[in-house]
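Novice: Single-letter residue listing:
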Amino acid sequence: MDNPVPLDEARDPLTIAENWLKDGREVALATVVETWGSAPRPVGSHLVIDAEGNFHGSVSGGCVEGAVVTEAADVIGTGKPRMLEFGVADETAWQVGLSCGGRIKVYVEPLG
Amino acid sequence: MERHLLERLNAARRERRAAMLVTDLASGAGRLVGEGEPVTGDLGTAVSRAFRTGNSGTVEADGQTFFLNVHLPQPRLVVIGAVHISQALAPMAKVAGYPVEIIDPRTAFATPERFPDVSLEAEWPQDVLARKPLDSYTAIAAVTHDPKIDDFALKSALDAGCFYIGALGSRKTHAKRVERLLALGASAEQVARIHAPIGLDIGAASPSEIAVAVLAQIIHAFRSRGLEAKGSAA
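These protein sequences, in sequence, are chains R and Z. What the first sequence shows, in my numbering, is residues 7 to 118, in sequence order. What the second sequence shows, in my numbering, is residues 2 to 235, in sequence order.
One thing to keep in mind: the hints can contain errors.
[Stated by the list, open to error] A few chain R residues that face chain Z, going by a derived Cβ cut-off under 7 Å, partial list only:
id, residue
1, V11
2, L20
3, E24
4, L27
5, V49
6, P87
7, L117
8, G118
Simulated from the structure, these hints should not be mistaken for laboratory data. Note that the Cβ used here is the ideal one computed from N, Cα and C, for glycine as well.
The following block holds chain Z by itself, in its conformation from the complex:
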């Protein structure tokens, strides 16, 4: 591999951008491809699949043998609200491979006693997100029910293109939220990306069951990345 490829690959990994090293195994020639960058032919199909699944592998394409080594940023979950659902969601998401960060400015909720072994910020989302910005490999679940806390984070998530955006609340609550987000400058198309009521419809009743429904929806969103775009493109 040429040195400039290694440097560009490492820069992408440090900056949480998805990148793939494509190596022609016969000649040893390498090429760095970023997510969404067009690649033609059968190789392009294999590249898209590898970005979606995160699985590296050897492929035969266009009469050549290539090794695709895909480097996806570690997906993570930001939860707005240190509530009962979050107490169940944090350990489950961690086990599933999604490190969790919980943000809630209400210090009575955001206590280490209630959230052992979880990254917890007892601050306003605007302050935390300025330091640690959201990106397309971040999922966000807003579960405080409080517009003062949730709305800014949701608008930031829409602008950052988070791969999953969920918000707790009934359809009626969500309709009011949609109006507020539109007033903040979000487009109707952006707002349609919000999963609300939050979680897959599995009839979840308890906070822990709601956490399962949310986590399943996050995993589904992560593994189907790019599928919607494919349908609407061309």
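This is chain R alone, in the form it adopts within the complex:
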């Protein structure tokens, strides 16, 4: 029987995460857990990252993914989850921040 509304598995971060684990890759999952103001991606959005820095999905409009990928390498290394916060209130706003003026909290956890 067909799924009448199938998942877009080629672009679905959680499906990609499962496939990467099957391939024996080390994987971290980043999730938007809170947003304030105008945030580009809703709560629950995922970015999946492997130990080589490959990634799929998004937690913002591309503004903070680079920083999340860097943190994910540490999370994979230590095996401990961590909470990241990004926004204009951040001192590093001009380097790593949300130009839209919003703030987001991103939870990064190891998978496996």
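Starting from the known structure of chain R, arrange chain Z on it as the hints suggest.
Specialist: Using the frame of chain R, we list chain Z on its own:
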């Protein structure tokens, strides 16, 4: 997240079952909850609310901080009948976030010219529904007026627990339909779930206005899922 949780979550998503990943943000411990599965305490209240609204979020409950990530299947609308109302309903429902599939075995009605950009099956409902079964995240609107086409689909919708079931026709027409569905083995309680005459009572007159009334009723049914059950439970 543990690997078996991810695998179970993805399986639920592929099979169109609602599921929620509950993560204790202090410890990182995760738990997968299916819709309708009992969860105690304040967390249970938050879980029920998130399933109903589809909104994920962070909650403080029972002295801990949890992140609830809710994964609802994409709700969809199956319309039985490639009629004038369906021509207005299909694009409106799509815009509102409900992908539409139209089923009508009458090939004179079910033509791509009349329904551009819509998934259209010029076959009997029993054939299409055997391939693509109805489920609790599907709404169905039966609008052919023809028992030969509508009745099987309505009975299937009642058995599948579709979140919305509407049928076009006057009260008199519907009374006869109720008798036929009871004869097919539907219970009186099941039949009472059918919205007929179809659509919210907004005085709709034209086919397009009826489509608005139907779509509004579908949205209301989707967003109040679980409310009726709550009142009658316990």
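Novice: All the hints need checking, so say for each whether the structure fits it.
Specialist: Results for each hint:
1. The interface hint given for V11 of chain R holds, since its Cβ lies 4 Å from the closest Cβ of chain Z, which is under the 7 Å cut-off.
2. Satisfaction of the interface hint for L20 of chain R is found here, the shortest Cβ-Cβ separation to chain Z being roughly 6 Å, below the 7 Å cut-off.
3. The criterion of a C-beta within 7 Å of any C-beta in chain Z is met by E24 of chain R, whose closest approach is roughly 5 Å, and the hint holds.
4. Taking 7 Å as the C-beta cut-off, the interface hint given for L27 of chain R holds, the closest approach to chain Z being about 6 Å.
5. Hint on V49 of chain R holds. Least Cβ distance to chain Z is approximately 5 Å, under the 7 Å limit.
6. A distance limit of 7 Å between C-beta atoms decides the matter here; for P87 of chain R the minimum to chain Z is near 4 Å, and the interface restraint holds.
7. Given the 7 Å rule on beta carbons, the hint for L117 of chain R holds: about 6 Å separates it from the nearest Cβ of chain Z.
8. Satisfaction of the interface hint for G118 of chain R is found here, the shortest Cβ-Cβ separation to chain Z being roughly 5 Å, below the 7 Å cut-off.
Hint check: no violations occur; every hint is consistent with the structure.
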